Amino acid sequence: MAHKNIIPIGPQHPVLPEPIHFDLVTEDEKIIDAIPSISYVHRGLERLIETRDFLDFVHVADRICGLCSFMHSLGYCQAVEEIMGVEVPERALYLRSIWAELSRIHSHIFWLGVAADAFGFESLFMQAMRLREPVLDIFEETTGGRVILGVCKVGGVRRDIDSDSLKGIVQRLTNLKVHLEELSNVFINDYSVQHRLSGIGFISREDAYTLGCLGPMARASGLAIDMRALGYAAYKFLEFEPVVETAGDCYARCLVRIRENYHAIDLIRQAVGKIPDGPFDVKVKGAPDGEYFSRVEQPRGEVIHYVKGNGSRFLQRFRVRVPTFSNIPAMIRVLKGSEVADVPNIILTLDPCISCTER
Amino acid sequence: MKIFTMTKTVTRNLVQGPATLMYPQRERVYTPITRGKIENAIDKCIFCGLCGKRCPTYAITVSKERNEWEIDRLKCCICNLCVEVCPTKCLSTDNHYAPPVTEKSQGLCKLSLVQVSPATSDAGQPESDGGEP
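Sequence lines, in order, name chains S and D. Numbering-wise (numbering that gives the first Met the number 0), the first sequence opens with residue 0 and increments by one. Numbering-wise (numbering that gives the first Met the number 0), the second sequence opens with residue 0 and increments by one.
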C-alpha cells in the first residue's frame, strides 16, 4: 500500500483567487480525502444589520460580493418588501431582471476566463476579460458604478434606463454575442480544453441531489434547479427555461455557463421588448415587522436571504446562505478519487465565491 | 486548416491595435453618472449634519459650531445617500475619482466656511483637482 501524504492547497494558491484551504490526503497521485476549511476573511456583515438603518443596509448587502453584488441587494430588498407588503412597480421589476441578467453574463464570462487561466490557456483568459468589458461599460452608463451597482433599493430601483438606452443595450449585447460565440467555440471544440475538462470531476445526478448541489453544478448533473423559475422580479413575465446538461463533469459545467450566457442575453432582449412605462420606485413608510426567506438565483446558484424585523428601524437578524457554501460537500465528493493535477480545475469549475461565503 | 484561422486572428490584431486603452495618451472617458467622489459646495451648506447621520460608513463628520464639513475619502463608498438626503442640495457626485494617496490621513478632506478659500485640506491634499493623472 502506498504511503499517505497530506498536501495543503490554499489559502494562497495561484489558481484560487480567494482564500479557501484544503488538506488533500493523497496516496501516490490519487486523492482519498479532502478536508476544507474556510473563514480566513470573515467580515461579520450579518451582524452589522443591528446597527444600521434597514434602508441603508442595502448598500452593505450590495458589498457582500463583487461579482454578484446586484443579486445580494435584490434578495435583501425582496425580503424587506415582502415583510412590509410593498408593491414594487412593474417597471422596477423589469429593470431588476435586466441588471440581474447582465450581472450573470459578467460573472460567467469572468468565470470562463479564470477557468481558462486555471488550465493554462492564458490568451483565452485575456479574450474573456476583454469581452467582459462591454458589460461593465453598460453597468457604468446605467448605474454609475462598474462593479458595485448600488441601484437596488427597498421599493424599487434608484435609476431608470430610458428606452433608447435599453435598445442600445440590446444592440451591444447582440454584438457581444458574436464575439462570445467565437470564444465559446474554443471552449466547446478545442482539443486541449476538452482533454482537460471532459470526464474530470464527475458527480452523478443522485449525489448532486443528496449533497445539496446548486446552480450550474446541479444543472450540469441533470437537476433542473433554478430559482428564476419561482418567478421573482420580472421572470414571471419572461419565457424562461433552466439550462440543463446531463454529463456531470467539468466540461458539462463549462457548457452550462456558456449556454446561460446566451440565455441571459435572450432574457434581456425579451425584457426590453416587454418593459412597461411608469414609475420605478415607491415610497416606503414604516419599518418591517416579521420574517421572510427570499430566494434568488445567483450566477453560482441559489442564495437565501433571511430577514427578521421587530418593527423598529434596526432589524434583528439577517442571514445569507450562499451557493458556494452548500456546494462544498459536493466539492469534497468530487475531489475524492481524482488526480492531484486536476484539483485546481475541479475547484474552479464549482466557481467558489469566498467573499460571499465569508460575509 | 488551423493555420489559416490563426492567420486571420493575427492580421486582425495587427490592424485593430491594442484592445486596452493606452492610458496616459488617451484619457479615460467617464459617463455623466459615474460615481467618482462626493463634492460639497460649502457656501450653500447649512451644516445640518444629515449627511453624516445617514452615511453607512461614517465617512462624513459635520461640526455646526466650527462650520466644518469633513469627509474621509478612503472610507466613503460613494453610495450617494448623502446627496439624496441633503436639504440644500449642496452635495453632489463628481464623475472623477479621488486622486490616489499614499497615507491614510491624506484621504481626509476638510471644508470650512470660515476661511477665505473654501477648498482646504488638513493634509495638503488639494480639493479642486478635477482631472488627476
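Check the hints yourself; a few may be wrong.
[Claimed, not checked] The calculated lysine-lysine pairs, modelled on DSS-like cross-linking and capped at a C-alpha distance of 25 angstroms, are:
#, chain 1, residue 1, chain 2, residue 2
1, S, 273, S, 284
2, D, 103, S, 282
3, S, 166, S, 235
4, D, 103, D, 36
5, D, 7, S, 307
6, D, 74, D, 52
7, S, 176, S, 273
8, D, 74, S, 282
9, D, 109, S, 284
10, S, 335, S, 284
11, D, 43, D, 103
12, D, 88, D, 103
13, S, 176, D, 103
14, S, 307, S, 282
15, S, 335, S, 29
16, D, 74, D, 103
17, S, 284, D, 103
18, D, 36, D, 109
None of these hints come from the bench; they were simulated from the model. On a predicted model such as this, the values are computed, not experimentally measured, just so you know.
Each hint, compared with the structure:
no. : hint          : result
1   : S/273 / S/284 : violated, 30 angstroms
2   : D/103 / S/282 : violated, 38 angstroms
3   : S/166 / S/235 : holds, 22 angstroms
4   : D/103 / D/36  : holds, 16 angstroms
5   : D/7 / S/307   : violated, 58 angstroms
6   : D/74 / D/52   : holds, 15 angstroms
7   : S/176 / S/273 : holds, 21 angstroms
8   : D/74 / S/282  : violated, 29 angstroms
9   : D/109 / S/284 : violated, 35 angstroms
10  : S/335 / S/284 : violated, 53 angstroms
11  : D/43 / D/103  : violated, 28 angstroms
12  : D/88 / D/103  : violated, 29 angstroms
13  : S/176 / D/103 : violated, 43 angstroms
14  : S/307 / S/282 : holds, 21 angstroms
15  : S/335 / S/29  : holds, 8 angstroms
16  : D/74 / D/103  : holds, 10 angstroms
17  : S/284 / D/103 : violated, 39 angstroms
18  : D/36 / D/109  : holds, 14 angstroms
Going down the numbered hints, you'll see the structure goes against 1, 2, 5, 8, 9, 10, 11, 12, 13 and 17, while the others check out.
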